[in-house]
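Novice: Sequence order for the protein chains is Y and G.
Using my numbering, read the first sequence as starting at 349 and increasing by one per residue.
Using my numbering, read the second sequence as starting at 38 and increasing by one per residue.
Mixed in with the good hints, there may be bad ones.
Computed cross-link-like contacts, DSSO-like style, restricted to lysine-lysine with a CA-CA straight-line distance of at most 30 Å [to be verified]:
| hint | chain 1 | residue 1 | chain 2 | residue 2 |
| --- | --- | --- | --- | --- |
| 1 | Y | 491 | G | 57 |
| 2 | G | 154 | Y | 491 |
| 3 | G | 48 | Y | 526 |
| 4 | Y | 491 | Y | 579 |
| 5 | G | 96 | G | 154 |
| 6 | G | 49 | G | 154 |
| 7 | G | 48 | G | 62 |
| 8 | G | 154 | G | 227 |
| 9 | G | 213 | G | 227 |
Derived by calculation from the structure, the hints in this document are not laboratory data.
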Amino acid sequence: MGMMRLVIRRLIIIPLLLVVLSFFVFLCLHLAPGDPARRLAGPRATENEVELIRIANGLDKPVYVQYLRWLIGWPGPEENIPLENVYVPGGVLRGDFGRSMETHEPISKEILDRLPVTLEVTVLALLIATGVGLLLGITAALKRGTIVDYLSTTGSLFGLSMPSFWLGLMMILVLSYKLGWIAPAYDGSFTYLIWPAIALGAYHTASVARMTRSSMLEVLGQDYIRTARVKGLSERAVIWKHGLRNALIPIVTILLLQIPWLFGGTVILEKVFSIPGMGSLMFERIILRDYFVVQGIFLVFVVLTVFANLLADILYAYINPKVRYE
Amino acid sequence: MFTTFTEWARKKWTSPAARKFRRNKLALAGLVIVSIIVFCAVFADFVAPYDPIEKVGPKLAPPSRQFLLGTDVAGRDILSRIIYGTRTGLMIGLTVVGLWAVIGVPLGLIAGYYGGKIDYVVMRAADSFYAFPQLVFVLAISGLFRPGLDTIVIALGIIGWPLYARVVRGKVLEVKAEEYVEAARAFGEKDRNIIVRHVFPNCLAPIIVVLTLGLPTAILVTSALSFLGFGVSPPTAEWGCDLSSARGYMADQWWWATSVGLAIVITVLGFNFLGDGLRDALDPRLRY
Numbered sequence: 349m350g351m352m353r354l355v356i357r358r359l360i361i362i363p364l365l366l367v368v369l370s371f372f373v374f375l376c377l378h379l380a381p382g383d384p385a386r387r388l389a390g391p392r393a394t395e396n397e398v399e400l401i402r403i404a405n406g407l408d409k410p411v412y413v414q415y416l417r418w419l420i421g422w423p424g425p426e427e428n429i430p431l432e433n434v435y436v437p438g439g440v441l442r443g444d445f446g447r448s449m450e451t452h453e454p455i456s457k458e459i460l461d462r463l464p465v466t467l468e469v470t471v472l473a474l475l476i477a478t479g480v481g482l483l484l485g486i487t488a489a490l491k492r493g494t495i496v497d498y499l500s501t502t503g504s505l506f507g508l509s510m511p512s513f514w515l516g517l518m519m520i521l522v523l524s525y526k527l528g529w530i531a532p533a534y535d536g537s538f539t540y541l542i543w544p545a546i547a548l549g550a551y552h553t554a555s556v557a558r559m560t561r562s563s564m565l566e567v568l569g570q571d572y573i574r575t576a577r578v579k580g581l582s583e584r585a586v587i588w589k590h591g592l593r594n595a596l597i598p599i600v601t602i603l604l605l606q607i608p609w610l611f612g613g614t615v616i617l618e619k620v621f622s623i624p625g626m627g628s629l630m631f632e633r634i635i636l637r638d639y640f641v642v643q644g645i646f647l648v649f650v651v652l653t654v655f656a657n658l659l660a661d662i663l664y665a666y667i668n669p670k671v672r673y674e
Numbered sequence: 038m039f040t041t042f043t044e045w046a047r048k049k050w051t052s053p054a055a056r057k058f059r060r061n062k063l064a065l066a067g068l069v070i071v072s073i074i075v076f077c078a079v080f081a082d083f084v085a086p087y088d089p090i091e092k093v094g095p096k097l098a099p100p101s102r103q104f105l106l107g108t109d110v111a112g113r114d115i116l117s118r119i120i121y122g123t124r125t126g127l128m129i130g131l132t133v134v135g136l137w138a139v140i141g142v143p144l145g146l147i148a149g150y151y152g153g154k155i156d157y158v159v160m161r162a163a164d165s166f167y168a169f170p171q172l173v174f175v176l177a178i179s180g181l182f183r184p185g186l187d188t189i190v191i192a193l194g195i196i197g198w199p200l201y202a203r204v205v206r207g208k209v210l211e212v213k214a215e216e217y218v219e220a221a222r223a224f225g226e227k228d229r230n231i232i233v234r235h236v237f238p239n240c241l242a243p244i245i246v247v248l249t250l251g252l253p254t255a256i257l258v259t260s261a262l263s264f265l266g267f268g269v270s271p272p273t274a275e276w277g278c279d280l281s282s283a284r285g286y287m288a289d290q291w292w293w294a295t296s297v298g299l300a301i302v303i304t305v306l307g308f309n310f311l312g313d314g315l316r317d318a319l320d321p322r323l324r325y
């Protein structure tokens, strides 16, 4: 019951949040120096041609009109304007992200082509971070003070201190150049993505392991764990049912905070492993000052983050019954 | 004045927190690493064997007596560039962390002390920044505005403060309930004075801890951005920048990328050790 209420409350907030964040994304572009109309018309265009492009894309209108057109596609371009001059997003809500100033292709298509591989790397990294991190943390907590604990704890500190892009470079150096196991650049296969995912997830694995260890140690010292033991529950039931379930709360919090960073990290590792994802598209177009593409990718990352956070919130409420009745 | 300082130092050095810190081997290791790095950064002109920007030898020479870590593609000494890189890295990192502190600490103090609507607004703003892909934001801003170091530092400053505001706010809530704050209020002291004289000094411990742990994050992020070609531009000696040049020569000159990366790892590790030790000594319950 409470669970449903939480989900519904979140679902009401999310559109609001998205409107605020989308306005922010729009504003970033609007405040940026440089004239999109001039960029579109090209360096040799006359003042007159630039003006025509400006009017065709509604860039002469007040900010709020431009934002409305950008968000919902209304008011659209006037009847007599040739469509080949229109580049501005005609309603991102309707999936019209505009056209690239560089390739003249629809941006939504360009992004959709690049999105899957980016998502694959991110999700893989998240799975690795959660799985390996939990395992390491639990082992360290249960074997407190032994060599296993020591290795896992120090290893985690190294993981937290390693730049993901350097880790990726070292993987290529050893696995590709020295051992010849993998190609030095993305070969299009899914299994290859495990490597960038490990490099990307290393930091998060380490922080999950650290949090799991400290939170497990805290929980295992609590009265109810002692009670469970006294009741004669098996050690396994004590650890998995009572221990981990309660220890998970701070762990999920940490994961939740790191999802946005994970998306940022993907962008870097795409460059290291030459993966043609959304991140590499963003770089290519930043250099070419292809405004609407950069803006579109920015927006997609923001929306992905918001939904990832929603999922994490629901998971959080599922683990921690207290939240549901807040 | 000198005696008071030595007395103060002795008192600090023998306090329970300091004793706890001194017993922590990792923390001491961190302190040593950080000291060495700060020394290198300050005295780079004396520590580094060569000028970091001048061509001093053949291109891509392997490590030798003359060039301990070899030379890079422009015939510059790699070791000297790494040493000068500590200066660049620390300066950028400190600027970013400074921005986080300047924005986050006052907001946290105000939100925690006044509570109510102000608290609500500040913390909701902090939440929405949390739920934002920080790195993507910085990239988009530097792409849409002017690519360059200052744009990146400012964008990072804008995006990173919520953590600091949150930690400070949490501590303020604790401090606010203390008797000395209530006493000061009973005496009719102004809110501003109470915050500056009583609340802020008692929040210093967690602030020092999160800032120490924030510095390695700032260094990692800025070097990543330079690696991508968005921060520092060549020929400045900067680790991320050098890594991106070294990337193309990994097959044959593996020591170049390896040593530059290790410099980052050691620096970040040192600050993490130190920060962890400071937390255990000053504010063990702080979750970060």
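Novice: When you check the alpha-carbon spacing of residue 48/G and residue 526/Y, does it fall within 30 Å?
Specialist: violated, 55 Å
Novice: Residue 49/G and residue 154/G were given as a pair; does the straight-line alpha-carbon distance stay at or below 30 Å?
Specialist: violated, 39 Å
Novice: Checking one constraint from the list: CA of residue 96/G to CA of residue 154/G, max 30 Å. Satisfied?
Specialist: violated, 62 Å
Novice: Between residue 491/Y and residue 57/G, is the straight-line Cα distance small enough, at 30 Å or below?
Specialist: holds, 24 Å
Novice: Given the hint that residue 48/G pairs with residue 62/G, test it: the Cα-Cα distance must not exceed 30 Å.
Specialist: Between residue 48/G and residue 62/G the Cα gap is close to 21 Å, so the pair holds against 30 Å.
Novice: Check the hint pairing residue 154/G with residue 491/Y against an upper bound of 30 Å on the C-alpha distance.
Specialist: Between residue 154/G and residue 491/Y the Cα gap is close to 47 Å, so the pair fails against 30 Å, i.e. violated.
Novice: Has the given pair, residue 491/Y with residue 579/Y, been kept, meaning a C-alpha gap of at most 30 Å?
Specialist: holds, 23 Å
Novice: CA of residue 154/G to CA of residue 227/G, is that 30 Å or under?
Specialist: Holds, at roughly 20 Å.
Novice: Holds or violated: are the alpha carbons of residue 213/G and residue 227/G at most 30 Å from each other?
Specialist: Between residue 213/G and residue 227/G the Cα gap is close to 14 Å, so the pair holds against 30 Å.
Consistency note: the structure conflicts with the earlier hints numbered 2, 3, 5 and 6.
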